[in-house]
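The sequence shown begins at 306 in the working numbering and counts up one residue at a time.
Source of the hints: derived by calculation from the structure; they are not laboratory data.
All figures in this text were calculated on a predicted structure; none of them were measured in a lab.
Wrong hints could be hidden among the right ones.
To be verified - For lysine to aspartate or glutamate, the following DMTMM-like pairs were computed, each having C-alpha atoms within a straight-line distance of at most 20 Å: (1) Lys-342 - Asp-367; (2) Lys-387 - Asp-429; (3) Lys-342 - Asp-364; (4) Lys-387 - Glu-437; (5) Lys-417 - Glu-360; (6) Lys-417 - Asp-364; (7) Lys-387 - Asp-367; (8) Lys-342 - Glu-372.
Said to hold, decoys possible - So the derived label-pair ranges between C-beta atoms look like this: (9) Thr-334 - Arg-376: 19 to 29 Å; (10) Asp-367 - Ser-460: 12 to 22 Å; (11) Lys-342 - Glu-372: 14 to 24 Å; (12) Pro-407 - Trp-365: 31 to 41 Å; (13) Asn-375 - Thr-449: 41 to 51 Å; (14) Trp-365 - Met-401: 33 to 43 Å; (15) Ser-344 - Ala-430: 17 to 27 Å; (16) Thr-334 - Pro-458: 18 to 28 Å; (17) Trp-365 - Lys-387: 31 to 41 Å; (18) Gln-332 - Trp-365: 12 to 22 Å; (19) Asn-461 - Glu-372: 38 to 48 Å; (20) Arg-373 - Asn-461: 19 to 29 Å; (21) Ala-379 - Thr-449: 36 to 46 Å.
Each residue gets a CB set at the ideal place from its N, CA and C atoms; glycine is no exception.
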Amino acid sequence: MALAQSELHRASQRQPLRKSQPHSGRQRTAFLCHSHKDSVLAEGLQVWLAEQGVELYIDWKDATMPERPNRETAERIQLQIKTCDWFLFLATGNSMSSRWCPWELGYADGTKQLDRIAIAPTSDAVTTHGNEYLHLYRRVDLSTAGELLWVPPNSNQGQYVRSIPFL
Numbered sequence: 306m307a308l309a310q311s312e313l314h315r316a317s318q319r320q321p322l323r324k325s326q327p328h329s330g331r332q333r334t335a336f337l338c339h340s341h342k343d344s345v346l347a348e349g350l351q352v353w354l355a356e357q358g359v360e361l362y363i364d365w366k367d368a369t370m371p372e373r374p375n376r377e378t379a380e381r382i383q384l385q386i387k388t389c390d391w392f393l394f395l396a397t398g399n400s401m402s403s404r405w406c407p408w409e410l411g412y413a414d415g416t417k418q419l420d421r422i423a424i425a426p427t428s429d430a431v432t433t434h435g436n437e438y439l440h441l442y443r444r445v446d447l448s449t450a451g452e453l454l455w456v457p458p459n460s461n462q463g464q465y466v467r468s469i470p471f472l
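Sequences and hints are given; from them, build the entire structure.
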């Protein structure tokens with residue numbers, strides 16, 4: 306089931322309800338690949354993941370990033386993709402037509418283990434975005450209880466994000 310963009314909008318308006326205790330005293334991290342046009346959706350996903358004990362890296366919230374994209378920007382993004390536990394692609398109409406998002410996804414595909422890459426498909430009033438990637442990568446799904454799931458390709462069953470062990 307795709308993440309409803311309307312639910313991500315709602316989540317962006319609140320603080321995380323709870324924060325899971327990180328495993329082994331270390332916070333789990335994820336890099337978010339997304340279009341900057343979807344900043345509200347990114348913040349909604351950030352709230353949901355914080356509730357599951359995952360810190361989401363969003364590049365435009367990083368004060369050390371250069372003001373304008375350049376080689377340093379690319380190097381910093383590469384470093385974050387490598388060092389975060391997971392790579393998440395927030396699939397929207399904007400990210401699917403972005404110039405940076407395919408580059409980031411391709412870089413992650415070449416540097417991370419495939420079980421550490423996931424697509425967060427979203428649905429809006431018109432369509433579902435990200436379906437073309439679901440046979441290649443895991444996906445982030447929402448359970449009927451409202452918790453995020455980490456689902457393998459071509460499967461309808463996953464495990465709760467909060468319970469995924471570290472590498």
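Exercise. Can you name, in rising order, the numbers of the hints this structure does not satisfy?
Worked result: Hints 2, 4, 10, 12, 14, 17 and 20 contradicted; others consistent.
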